[in-house]
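Count along the sequence shown from 1, add 9, and you get the number used in my numbering.
What the hints contain is simulated information worked out from the structure, not anything from laboratory work.
There may be inaccurate statements among the hints.
[Said to hold, decoys possible] With a cut-off of at most 20 Å between alpha-carbon atoms, the simulated EDC-like pairs for lysine to aspartate or glutamate come out as follows:
| no. | residue 1 | residue 2 |
| --- | --- | --- |
| 1 | Lys137 | Glu62 |
| 2 | Lys144 | Glu157 |
| 3 | Lys325 | Glu62 |
| 4 | Lys325 | Asp38 |
| 5 | Lys113 | Asp310 |
| 6 | Lys249 | Glu233 |
[Claimed, not checked] Here are the computed distance ranges between Cβ atoms for each label pair:
| no. | residue 1 | residue 2 | range |
| --- | --- | --- | --- |
| 7 | Pro119 | Ser74 | 37 to 47 Å |
| 8 | Lys39 | Lys293 | 38 to 48 Å |
| 9 | Asn254 | Glu323 | 17 to 27 Å |
| 10 | Val188 | Glu294 | 24 to 34 Å |
| 11 | Gly311 | Lys202 | 18 to 28 Å |
| 12 | Thr129 | Asn254 | 27 to 37 Å |
| 13 | Glu294 | Gly178 | 44 to 54 Å |
| 14 | Val143 | Glu250 | 30 to 40 Å |
| 15 | Ser74 | Pro265 | 39 to 49 Å |
| 16 | Asp235 | Lys144 | 49 to 59 Å |
In this text, a Cβ means the ideal position worked out from N, Cα and C, and glycines have one as well.
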Amino acid sequence: MSSGLRRYILVFFILLTLLCSSFTAFAADKITIASVSWTGVTIKSELAVSVLEGLGYKAENKVFSVPIAYSALSTGDADVFFGNWMPSMANIANKFFAGGKVIKYVANMPNAKYTLATPTFCAEEGLKDFTDIVKFGDQLDWKIYGIEPGNDGNMIIQKMIDNNMFGLGKFELVASSEVAMLAQVQAYAQNHKAIVFLGWAPHSMNERIDMTYLTGSTAQTFGENDGTATVWTNLRKGFKEENPNVARLFKNMLFPVTMMNQIMTSVHVSKGLGLHQAGLKWLKEHPATYEKWLTGVTTSDGSLAIPALRAYLESKI
């Protein structure tokens, strides 16, 4: 063998080694899911982490506020977000979609609900519509209860107050966590005290609280269809091209309202069952769902996805 040929072979193997190392490093990169501290989004995000791990990927769930989640997607600090509630998030999300830094991608849950609600006894007393809220101002202590600061729902409520929409100029937005707000609602409902709060479905609140959603929402508030919402999966720019197998998985991952209600209710009924375990348990008991999710999807090394995820679920539940 000539020295020139030996040098050629050596260079070839060095380049091949570098190429394989680069591919391995890329494949090992962690997929980051942007989440917010809402029950439904947490379930979706934790399920996605588990499915990815079952397929041999590294993944993590990072919790942000809604505006920070979009900033993270736009800068590449997060890859996917399963909680884009539309139209209520339009004022935050649309500028990122328009700029091309975040891709709207796929509707993962149609026929959701996101608007103001009240205990049913209040509705029976006449508090049924946005225009009725001001009539009950004294009984409501001139307060409307939202969730965490920076949330899109809070922003809509505050806009309604600031612009005196529906005569709400005297009201105060009470920002809190999801858990604290719902505890307040339950306490008020048990004591037959009036309250108006930010409600949504799917959520176990719909089972735990005898509640009624208010009518009267507009395009400038929670949408013209009384707060009926569609939840979207968003991707950072370039993710689909860089990770086509995972992007296909994310496109397939749909979360019907009935599925989410069942998982959330199981957490409420089964003391000690966390959101993560409840989601995995539901998925294991409904193989037809994860089989649909894995259509056209492989493991990270190109193997069959369904047996791999089935084995993973068996090991976890």
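Taking the hints in turn, this is what the structure says about them:
| no. | hint | verdict |
| --- | --- | --- |
| 1 | Lys137 to Glu62 | violated, 46 Å |
| 2 | Lys144 to Glu157 | violated, 26 Å |
| 3 | Lys325 to Glu62 | holds, 11 Å |
| 4 | Lys325 to Asp38 | violated, 23 Å |
| 5 | Lys113 to Asp310 | violated, 28 Å |
| 6 | Lys249 to Glu233 | violated, 32 Å |
| 7 | Pro119 to Ser74: 37 to 47 Å | violated, 25 Å |
| 8 | Lys39 to Lys293: 38 to 48 Å | violated, 25 Å |
| 9 | Asn254 to Glu323: 17 to 27 Å | holds, 23 Å |
| 10 | Val188 to Glu294: 24 to 34 Å | holds, 27 Å |
| 11 | Gly311 to Lys202: 18 to 28 Å | violated, 59 Å |
| 12 | Thr129 to Asn254: 27 to 37 Å | violated, 47 Å |
| 13 | Glu294 to Gly178: 44 to 54 Å | holds, 50 Å |
| 14 | Val143 to Glu250: 30 to 40 Å | violated, 51 Å |
| 15 | Ser74 to Pro265: 39 to 49 Å | violated, 27 Å |
| 16 | Asp235 to Lys144: 49 to 59 Å | violated, 19 Å |
Checked against the numbered hints given earlier, the structure breaks hints 1, 2, 4, 5, 6, 7, 8, 11, 12, 14, 15, 16 and satisfies all the rest.
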